[in-house]
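Chemist: This is what each chain is made of:
10 protein chains.
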Amino acid sequence: MLFHVTMTVRLPHDMPAAEADALKAREKALAQELQRAGTWRHLWRVAGRYANVSIFDVADNAALHDTLMKLPLFPYMDVEVQPLCRHPSSVHEDDR
Amino acid sequence: MLFHVTMTVRLPHDMPAAEADALKAREKALAQELQRAGTWRHLWRVAGRYANVSIFDVADNAALHDTLMKLPLFPYMDVEVQPLCRHPSSVHEDDR
Amino acid sequence: MLFHVTMTVRLPHDMPAAEADALKAREKALAQELQRAGTWRHLWRVAGRYANVSIFDVADNAALHDTLMKLPLFPYMDVEVQPLCRHPSSVHEDDR
Amino acid sequence: MLFHVTMTVRLPHDMPAAEADALKAREKALAQELQRAGTWRHLWRVAGRYANVSIFDVADNAALHDTLMKLPLFPYMDVEVQPLCRHPSSVHEDDR
Amino acid sequence: MLFHVTMTVRLPHDMPAAEADALKAREKALAQELQRAGTWRHLWRVAGRYANVSIFDVADNAALHDTLMKLPLFPYMDVEVQPLCRHPSSVHEDDR
Amino acid sequence: MLFHVTMTVRLPHDMPAAEADALKAREKALAQELQRAGTWRHLWRVAGRYANVSIFDVADNAALHDTLMKLPLFPYMDVEVQPLCRHPSSVHEDDR
Amino acid sequence: MLFHVTMTVRLPHDMPAAEADALKAREKALAQELQRAGTWRHLWRVAGRYANVSIFDVADNAALHDTLMKLPLFPYMDVEVQPLCRHPSSVHEDDR
Amino acid sequence: MLFHVTMTVRLPHDMPAAEADALKAREKALAQELQRAGTWRHLWRVAGRYANVSIFDVADNAALHDTLMKLPLFPYMDVEVQPLCRHPSSVHEDDR
Amino acid sequence: MLFHVTMTVRLPHDMPAAEADALKAREKALAQELQRAGTWRHLWRVAGRYANVSIFDVADNAALHDTLMKLPLFPYMDVEVQPLCRHPSSVHEDDR
Amino acid sequence: MLFHVTMTVRLPHDMPAAEADALKAREKALAQELQRAGTWRHLWRVAGRYANVSIFDVADNAALHDTLMKLPLFPYMDVEVQPLCRHPSSVHEDDR
Numbered sequence: 001m002l003f004h005v006t007m008t009v010r011l012p013h014d015m016p017a018a019e020a021d022a023l024k025a026r027e028k029a030l031a032q033e034l035q036r037a038g039t040w041r042h043l044w045r046v047a048g049r050y051a052n053v054s055i056f057d058v059a060d061n062a063a064l065h066d067t068l069m070k071l072p073l074f075p076y077m078d079v080e081v082q083p084l085c086r087h088p089s090s091v092h093e094d095d096r
Numbered sequence: 097m098l099f100h101v102t103m104t105v106r107l108p109h110d111m112p113a114a115e116a117d118a119l120k121a122r123e124k125a126l127a128q129e130l131q132r133a134g135t136w137r138h139l140w141r142v143a144g145r146y147a148n149v150s151i152f153d154v155a156d157n158a159a160l161h162d163t164l165m166k167l168p169l170f171p172y173m174d175v176e177v178q179p180l181c182r183h184p185s186s187v188h189e190d191d192r
Numbered sequence: 193m194l195f196h197v198t199m200t201v202r203l204p205h206d207m208p209a210a211e212a213d214a215l216k217a218r219e220k221a222l223a224q225e226l227q228r229a230g231t232w233r234h235l236w237r238v239a240g241r242y243a244n245v246s247i248f249d250v251a252d253n254a255a256l257h258d259t260l261m262k263l264p265l266f267p268y269m270d271v272e273v274q275p276l277c278r279h280p281s282s283v284h285e286d287d288r
Numbered sequence: 289m290l291f292h293v294t295m296t297v298r299l300p301h302d303m304p305a306a307e308a309d310a311l312k313a314r315e316k317a318l319a320q321e322l323q324r325a326g327t328w329r330h331l332w333r334v335a336g337r338y339a340n341v342s343i344f345d346v347a348d349n350a351a352l353h354d355t356l357m358k359l360p361l362f363p364y365m366d367v368e369v370q371p372l373c374r375h376p377s378s379v380h381e382d383d384r
Numbered sequence: 385m386l387f388h389v390t391m392t393v394r395l396p397h398d399m400p401a402a403e404a405d406a407l408k409a410r411e412k413a414l415a416q417e418l419q420r421a422g423t424w425r426h427l428w429r430v431a432g433r434y435a436n437v438s439i440f441d442v443a444d445n446a447a448l449h450d451t452l453m454k455l456p457l458f459p460y461m462d463v464e465v466q467p468l469c470r471h472p473s474s475v476h477e478d479d480r
Numbered sequence: 481m482l483f484h485v486t487m488t489v490r491l492p493h494d495m496p497a498a499e500a501d502a503l504k505a506r507e508k509a510l511a512q513e514l515q516r517a518g519t520w521r522h523l524w525r526v527a528g529r530y531a532n533v534s535i536f537d538v539a540d541n542a543a544l545h546d547t548l549m550k551l552p553l554f555p556y557m558d559v560e561v562q563p564l565c566r567h568p569s570s571v572h573e574d575d576r
Numbered sequence: 577m578l579f580h581v582t583m584t585v586r587l588p589h590d591m592p593a594a595e596a597d598a599l600k601a602r603e604k605a606l607a608q609e610l611q612r613a614g615t616w617r618h619l620w621r622v623a624g625r626y627a628n629v630s631i632f633d634v635a636d637n638a639a640l641h642d643t644l645m646k647l648p649l650f651p652y653m654d655v656e657v658q659p660l661c662r663h664p665s666s667v668h669e670d671d672r
Numbered sequence: 673m674l675f676h677v678t679m680t681v682r683l684p685h686d687m688p689a690a691e692a693d694a695l696k697a698r699e700k701a702l703a704q705e706l707q708r709a710g711t712w713r714h715l716w717r718v719a720g721r722y723a724n725v726s727i728f729d730v731a732d733n734a735a736l737h738d739t740l741m742k743l744p745l746f747p748y749m750d751v752e753v754q755p756l757c758r759h760p761s762s763v764h765e766d767d768r
Numbered sequence: 769m770l771f772h773v774t775m776t777v778r779l780p781h782d783m784p785a786a787e788a789d790a791l792k793a794r795e796k797a798l799a800q801e802l803q804r805a806g807t808w809r810h811l812w813r814v815a816g817r818y819a820n821v822s823i824f825d826v827a828d829n830a831a832l833h834d835t836l837m838k839l840p841l842f843p844y845m846d847v848e849v850q851p852l853c854r855h856p857s858s859v860h861e862d863d864r
Numbered sequence: 865m866l867f868h869v870t871m872t873v874r875l876p877h878d879m880p881a882a883e884a885d886a887l888k889a890r891e892k893a894l895a896q897e898l899q900r901a902g903t904w905r906h907l908w909r910v911a912g913r914y915a916n917v918s919i920f921d922v923a924d925n926a927a928l929h930d931t932l933m934k935l936p937l938f939p940y941m942d943v944e945v946q947p948l949c950r951h952p953s954s955v956h957e958d959d960r
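Chains as they are written, first to last, in the working numbering: chain A, 1 to 96; chain B, 97 to 192; chain C, 193 to 288; chain D, 289 to 384; chain E, 385 to 480; chain F, 481 to 576; chain G, 577 to 672; chain H, 673 to 768; chain I, 769 to 864; chain J, 865 to 960.
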C-alpha cells in the first residue's frame with residue numbers, strides 16, 4: 001500500500017555540529033536500508049528546502065507509523081501523510 | 097527534471113453529466129499518452145479526494161507548464177508545483 | 193485498517209428540496225448498509241455543523257477511496273483523511 | 289456525552305530522556321485507567337505523527353476539561369476539541 | 385452546560401429581498417423564543433460584520449445541535465462551536 | 481461597551497513552578513477584582529485548552545487595553561479582541 | 577474612539593454595470609458625507625486591490641456597526657475591525 | 673520604484689470563450705505596451721498555474737494602482753503587492 | 769507616499785527587564801522624532817495587543833525600509849507593509 | 865531556467881553580534897559572486913522585512929538546490945520556491 005509522506009526537518013540551531021552530523025549519518029543509513037528493502041519506494045529532495053517528498057510501500061498504517069518513528073530525525077520533523085491508491089488513469093500495473 | 101504536482105479537481109455542480117464525462121475521457125486519454133511517453137512518470141489518487149499527486153519528468157519549467165495547460169481539466173484544477181531533485185540519501189540513480 | 197475521515201457537506205443553496213432529500217435518503221441508506229457491514233465503524237455528527245467524523249475499517253487505501261467515492265453526497269463534500277493505527281497506550285485489542 | 293479530541297504532542301528537544309520517559313509512563317498509566325473506566329472511549333495513533341485522535345465519554349464540558357488537564361503531557365500538547373452527537377444515519381444505539 | 389458559538393451569515397447575493405426578510409423575521413422570532421427560554425443565554429453582534437457571538441445553555445451536545453439546526457439561517461451560516469466550562473477564577477456561581 | 485476577548489496562555493516550559501504559581505495567583509486576584517467591579521463581565525474556560533473567552537464591559541478601547549495590559553499573564557498570552565454591540569434580536573436590555 | 581477597518585470589496589461578476597455604478601455612486605456619496613462629519617476620519621486605497629483601509633472615529637461599537645451596515649457596498653464586503661487607542665509613544669494629542 | 677506583484681487569474685467557468693479570448697487579447701496588448709514603456713519591467717508565468725509574478729517600475733503607489741486597475745483581467749484577479757527596494761548585497765546599480 | 773505598516777512586537781521572555789526598558793525607551797525617542805518630522809504620520813496602539821498600526825509618509829520604498837530597519841525593536845517585530853494611495857472617495861487633499 | 869525564490873531570515877536573538885556579522889559578510893560575498901556569474905539574476909529587498917525576493921537562473925532543480933544550500937544564512941531561512949517560465953505576453957526574449 002502506498003503513502004505520500006512530506007518531511008520537513010528543523011534541527012535546533014544550537015545543536016552541536018558533530019551531533020547533527022551523526023544524526024544525519026544514522027538517518028541516511030536507515031533510509032538507504034529501507035529503500036533497498038522496497039519500503040521507502042521514492043525519496044526526493046524538495047529543491048530549496050530541508051524537506052523531502054517520499055512514497056512508502058508498506059503493509060498498512062501501523063507499518064508506516066513504526067517505520068517513520070524509527071527515523072533518527074523523526075523528533076525534528078513536521079510530517080504530513082496522505083494515503084494513495086491507484087489512479088483510474090494510471091498505466092502502471094504496480095502503482096496500487 | 098522532476099516536478100511534484102498536486103492537482104485538486106472541482107467541477108461545477110451544474111455541469112451536465114455528459115459534458116463532464118467527455119472532459120474526463122479526454123483527460124484520461126492525454127494522461128495515459130503522457131505516461132507512456134515518460135513525461136507523466138507517476139500518477140496516484142489521493143484516497144478520499146478528487147485529487148492526485150503526480151511526478152512529472154520534463155526538460156524544464158516551460159515544458160511542465162505547457163504540459164499541464166493542455167490538460168482538459170486544467171481550468172477546473174487547483175495546482176501546486178514543487179521542483180524536486182535527487183536526495184543525497186537516495187539509492188536510485190535516475191531520481192535526478 | 194482504520195481511517196479517520198472528516199466530511200463537511202455543502203449542498204448548493206439553489207438545489208431543489210426534493211432533489212436534496214432524495215440525495216440524503218440514498219446517502220443514509222448506503223451509510224447504514226456500510227455500518228452494518230462493519231466498514232463504517234463509527235459515524236458521529238459534529239455538533240453545530242453539517243459535518244461528521246467517521247472511522248472506517250477497510251482493507252487498504254483503495255478500498256477506502258472506492259467506499260467514499262460511492263457516497264451520493266461525495267461531490268458536495270470536503271473530505272479529510274488521516275490514517276490511524278493502534279496507540280501504544282490503548283487497552284483495546286481491536287483498535288489496530 | 290461524546291467529545292472528539294485531537295492531541296498533538298511537542299516535547300522540548302532539550303528535555304532529558306529520563307524525564308520524558310517518566311512523563312510518558314505516567315501518561316500511559318492514566319490513559320489506560322481512563323479507558324478502563326469508559327471515560328476515554330477510543331484512543332488511536334495518527335500514523336506518522338506524535339499525535340492521537342480520541343473520543344471521550346464524559347458527563348459534560350467541565351468533566352472533559354478536568355480530565356484533559358490532569359494528563360501529564362497536557363502542558364506539551366496542542367489540543368482541539370469538537371463536541372459530537374448522534375448522527376441521524378447512525379445504526380448504533382449508544383453513539384449518543 | 386455552556387457552549388460558545390460564532391455564527392457568520394452569508395446570504396446569496398441573488399436571493400430576493402422579500403425571501404431574505406422573511407427568513408430573517410423567522411430567525412429573529414426563534415432567537416427571541418430561545419432567549420426567553422434561557423437556552424440562548426447571550427447574543428451579541430460582532431461590530432462591523434454580519435456575524436454574532438452567542439452563549440448557549442443546553443443539556444448536552446445533541447441539544448445544542450438540534451437547536452442550531454432549527455435556525456432558519458442555519459444553511460447560510462459558517463458555525464464554530466467551543467465547549468465552555470467554569471473558569472477557576474470566575475466569581476460567578478452559575479457560569480458552570 | 482462590550483468586547484469579546486479570547487486569551488490563550490503559553491507559559492515557557494522552563495519557568496520554575498513557584499514563579500508560575502505566583503503569576504497565576506496574582507492573575508486570579510486581579511481577575512476576580514475586575515469581575516466584582518463589573519469590568520470583566522464574563523470569564524469562561526475553553527474546555528480542553530489553557531485559554532478563556534471573556535466579555536469585558538469598559539468605557540472605551542483605551543480602557544480595554546489598559547485593563548488587559550495590567551494582567552500578570554499578559555506577556556504570555558495570544559489575545560484576540562472583537563468589539564461587540566447589541567444584536568437586533570437580543571431580548572436583553574443591557575447587552576448594549 | 578478610533579477603529580481600524582479593512583474593507584475588501586467583491587462585486588459579483590454578473591452584476592450589470594449600471595447597477596454596479598449606481599451602487600458605487602451611492603457608496604461614494606455616503607463615504608464623503610461621513611468624512612465631512614469626521615466619522616470616517618481616514619480613507620485610503622490599498623494599492624493594487626479593490627480594498628481600503630479606514631479609520632473611523634465613533635462614539636462606540638454600536639455606532640461603528642450602524643455606520644458600516646449602512647454602506648451600500650456592505651453586503652459585498654469582507655470587513656475586519658480592530659479597536660485602536662492612543663499609543664504611549666504618540667506625539668498627537670487627539671489620536672486617542 | 674519597484675513593486676513585486678503576484679496576479680492569480682480566475683475567470684468564471686461560464687464566461688463564453690469568445691468573451692474570454694477578447695479579454696485576454698486586450699490584456700496582452702496593454703501588458704506589452706506597458707513592458708515597452710518600462711513600467712512593467714518583468715513578467716513571468718508561474719509554471720503550472722494561471723498566475724504571473726511581475727515587477728513594476730512606477731513613480732509611486734498611486735501610479736501602481738492606476739496601472740493595475742486598467743488591466744482588463746483585473747476584476748478576475750487576486751493581487752498581492754510587495755514594495756521592493758535595493759538589497760544591500762545587490763551588484764546591480766538600477767535595482768533601486 | 770503613504771504606507772500602512774502593522775508591527776507586532778514579541779520580546780523574548782528571558783530578556784532582562786532593564787534591557788527591555790532601555791530598548792523601549794530608545795524606540796519611543798526615535799518614534800517621536802520621526803512623528804515630529806512627519807515621516808511617522810500616524811501611530812495607534814491595537815487595543816489588547818503589543819502591536820501598533822502606523823501610517824508612514826516617505827519618499828519611496830527604500831526610505832520606508834531604512835526607517836523601519838533603524839527601529840530598536842525591529843529585530844523583535846513581525847512587520848506587514850501595504851502601499852496606500854488616495855481613495856477616489858476621499859475628501860482629503862493630502863491623503864495622496 | 866528561472867526560479868522565483870522568497871527568503872525570510874530569522875536569526876536567533878541570542879546569536880552574538882560578531883557571529884551574525886561574520887555570517888552576513890560571507891552571505892554577501894557569495895551573493896555578489898553568484899550575481900556576477902548570472903546565477904542570481906535579481907535580488908531585491910522586501911521593504912520593511914528581513915526578507916528578499918530573488919530570481920535565479922540555473923540549469924535545473926538540482927543546481928538551484930545546491931546553490932541555495934551553500935548560502936551561509938540558509939539554516940536561518942524560510943525559503944519558498946516557484947518555477948517560472950516565459951509568459952506568453954512577455955516582450956523580452958530572454959525571460960525564458
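Hint data in this document are derived by calculation from the structure and do not stem from the laboratory. Careful: at least some of the hints might be erroneous.
What the hints assert, rightly or not - In silico lysine-lysine, BS3-like type, Cα no more than 25 Å apart, as pairs:
1) K888/J to K28/A
2) K124/B to K216/C
3) K412/E to K646/G
4) K838/I to K934/J
5) K358/D to K70/A
6) K358/D to K550/F
7) K742/H to K604/G
8) K216/C to K454/E
9) K166/B to K700/H
10) K70/A to K316/D
11) K408/E to K604/G
12) K742/H to K600/G
13) K742/H to K166/B
14) K24/A to K892/J
15) K262/C to K120/B
16) K838/I to K888/J
17) K408/E to K220/C
Chemist: Decide, hint by hint, whether the structure agrees.
Modeler: Hints versus structure:
| no. | hint | result |
| --- | --- | --- |
| 1 | K888/J to K28/A | 30 Å, violated |
| 2 | K124/B to K216/C | 31 Å, violated |
| 3 | K412/E to K646/G | 20 Å, holds |
| 4 | K838/I to K934/J | 29 Å, violated |
| 5 | K358/D to K70/A | 29 Å, violated |
| 6 | K358/D to K550/F | 29 Å, violated |
| 7 | K742/H to K604/G | 20 Å, holds |
| 8 | K216/C to K454/E | 17 Å, holds |
| 9 | K166/B to K700/H | 20 Å, holds |
| 10 | K70/A to K316/D | 20 Å, holds |
| 11 | K408/E to K604/G | 28 Å, violated |
| 12 | K742/H to K600/G | 17 Å, holds |
| 13 | K742/H to K166/B | 29 Å, violated |
| 14 | K24/A to K892/J | 28 Å, violated |
| 15 | K262/C to K120/B | 17 Å, holds |
| 16 | K838/I to K888/J | 17 Å, holds |
| 17 | K408/E to K220/C | 31 Å, violated |
Hint check: violations occur at hints 1, 2, 4, 5, 6, 11, 13, 14, 17; the rest are consistent with the structure.
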